[in-house]
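Assemble the complex: chain A is given as a structure, and chain B must be docked to it using the hints.
For the record, the sequence lines run as chains A and B.
For the first sequence, the residue numbers in my numbering are -3 to 268.
For the second sequence, the residue numbers in my numbering are 3 to 354.
It should be emphasised that the hints constitute simulated quantities derived from the structure, not laboratory data.
Wrong hints could be hidden among the right ones.
What the hints assert, rightly or not - Here are the computed lysine-lysine pairs in the DSS-like style, where the Cα-Cα straight-line distance is at most 27 angstroms:
(1) Lys82(B) x Lys174(B)
(2) Lys261(A) x Lys237(B)
(3) Lys9(B) x Lys192(B)
(4) Lys115(B) x Lys92(A)
(5) Lys5(A) x Lys77(B)
(6) Lys92(A) x Lys250(A)
(7) Lys36(B) x Lys10(B)
(8) Lys10(B) x Lys31(B)
(9) Lys250(A) x Lys115(B)
(10) Lys56(A) x Lys15(B)
(11) Lys(-2)(A) x Lys92(A)
(12) Lys270(B) x Lys308(B)
(13) Lys192(B) x Lys32(A)
(14) Lys174(A) x Lys194(A)
(15) Lys131(A) x Lys259(A)
(16) Lys267(B) x Lys5(A)
(17) Lys87(B) x Lys(-2)(A)
(18) Lys270(B) x Lys24(A)
(19) Lys9(B) x Lys174(B)
(20) Lys192(B) x Lys216(B)
(21) Lys261(A) x Lys308(B)
(22) Lys270(B) x Lys79(A)
(23) Lys92(A) x Lys308(B)
(24) Lys335(B) x Lys24(A)
(25) Lys207(A) x Lys6(B)
(26) Lys102(A) x Lys79(A)
(27) Lys207(A) x Lys192(B)
Said to hold, decoys possible - Residues of chain A clear of chain B, computed beta-carbon distances all greater than 12 angstroms:
(28) Gly85
(29) Asn159
(30) Glu215
As the list claims (entries may be wrong) - What follows is a set of in silico ranges between Cβ atoms, one per label pair, in the way DEER data are often shown:
(31) Asp10(A) x Asp113(B): 27 to 37 angstroms
(32) Ser73(A) x Glu76(B): 21 to 31 angstroms
(33) Lys177(B) x Glu7(A): 43 to 53 angstroms
(34) Arg297(B) x Asp128(A): 48 to 58 angstroms
(35) Met57(A) x Glu76(B): 36 to 46 angstroms
(36) Ser141(A) x Glu234(B): 38 to 48 angstroms
(37) Gly112(B) x Gly217(A): 55 to 65 angstroms
(38) Ser265(B) x Lys143(A): 33 to 43 angstroms
(39) Val177(A) x Glu76(B): 20 to 30 angstroms
(40) Ser141(A) x Ser265(B): 51 to 61 angstroms
We put the CB at the ideal spot given by N, CA and C, even for glycine.
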Amino acid sequence: MKNPYCPIKAEITDIIDETPTIKTFVLKPEEPVSFKTGQFVELAVPGLGEAPFTPSSNPKMEDRIELTIMNVGNVTSRLHQMKRGEILGIRGPYGKGYPLKDFEGKEILIVGGGVGLAPLRSLVLALLNDIDRYKKVVIKYGARSPKDIVYKSELKKWTVNKNVELELTVDAGDSSWKGNVGLITMLLKRDMGVDIEKSVAIVCGPPIMMKFTTFKLVELGYEDKNMHLSMENNMSCGIGKCGHCRIGPYYACKDGPVFTYDKIKTYHTIWE
Amino acid sequence: MEQKFLKKGNLEKFVNAIAEVYDLYYIQKGKGDKLHIVKYLNELKNPVIGEVRPLEPLKNFFFYAREKVVGGYEKSGEVKDIEGKPLCILGMKNCDLSAFDILDYVFTQGDFKDPFYIRNRGCNLIIAADCTKAIDTCFCHALGRKHYPEGYYDILMSELHDGYLVEGKTEKGNKFLDKNEALLNKTTQKHIEERDHIRKHAGIGVEENIREHKMPQYTEYKDIIKENLESEIWKREAETCVECGSCNVICPTCHCFYLVDVSQKDDKELRYKIWDSCMYKRFARVAGGANPRSRLWMRLRNRFEKKFDFFPEINGYYACTGCGRCISGCPAKIDIRRVLKDLVAEKKAKVK
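Excised from the complex, chain A in its bound form:
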């Protein structure tokens, strides 16, 4: 019987510095890990530990997988010290992924905060693969400061396609920053470029940003079932056995990690 707890080896083939605290790791697993955008993998630093990450790369890319990782914990701080050629463990993909079929023919509002743009980058690239299927993609992204913006050189490329719009904001600017200054919720308003009734919203970011973005979208008139939220829970085994990531009757790892708001809004601890 196959052992679901056993990773396969993955070599770090490249490391891209995104911000002072965020790096993108390009990995070459010993056999392809094909995922649907929004699904996650468990990444292990051998002998140290494992943590869940949603790939930030195009799901179409077969032999490589990219993970954009912020240095916040035990596993990630060690990852940030690692170099090209080193070996990690990877298993997955797990979870449900974004229901791209449901997005077809619709306007798509994507709201990202900080390193939360990582899974959304994968989503944007997946949407760009078949952009004609979607009416419009509007991206709102907020970072703490200009130097905390991820994928700086790539963001402009997304908007080459006329169906894709992008607006940025930073919590605090600097001398060179000429863009918006303020929280992400500032960019969310009735005239933000999407027809709210005919669109879906996809949100990923730190817990506090998720909370206020969700409330703002509700206020703007988004129906709960049209809001796809990435829930950050302690997904340890990834396969619905270990018990850590429970939200009400669900496990984030197997029923999520992306949930529509109607499914989870009644469970009391989602915003803690």
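Only chain B this time, still in chain A's reference frame:
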């Protein structure tokens, strides 16, 4: 298979026959009359077939407290068969057996299965036994469970004053009994009557406990957590909790674990699956520090939510079998019967 009678004098021989084929564990009465599961080493010492459940839950044998699950990252990642003899556990009671309603569901159902549990569960002989009495923490009936085995066993033994009624349930169990037919005698109507009498009296003991503690029946548990999310009950009960996790380790249905990666000299890709406790602060915490259950009372509430809300909703069973171990194991004297009683009462008061 038809019932047989095993004389007390033949127990040792019967056990020897088991031990020839299986690695045998049985219940032993130790110091202070405490019942423990022990390994059989050529002779039975103070064996207990009837009475009640031992201190240790049965889950240990299938869902190990600590199990190596990775010994090196590999593409095939196959789980190897157990080496040596299969396992036989003698004298298991229904509060442990009915926990398989939960454990089997968790580890053997769904898109992903746990091959370690499946392997451990597959190669064994479970010999169940009736409870012949109740101790003061027994409350299985409140959960709709019986004090004698209802399933999940190969052979059933019901202790009588001079022997045991023995009955095979599975093919594996029947085969074993057929092979050892020479040790068994015919049963008489008297044996059956004696068993029924013992069952009845043990049952009365459980009922008396439930009455004494004014415990509500499981039919009244619906939404007792949902309706009492912010109840003072949680804060009151959590006040004395020391987060030791005893209630989790001795619970026959608690199944949470964490994966721990360790590095040894030449082995850098080791991973263990180790029992976890939802009462620990770090249980639900994510990297960066956010914690959906940062307060102790929230974790206590979570424990009840998982048992009395989550499992009934997803698989139709309460994840409590009424074994009462958490009552005697808790150094803070948190009594699950009191918590359930108060939750039901508070819900009723609200609805009125």
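* Numbers of unmet hints, in rising order -> 10, 12, 13, 14, 20, 24, 25, 26, 27, 28, 35, 37, 39 and 40
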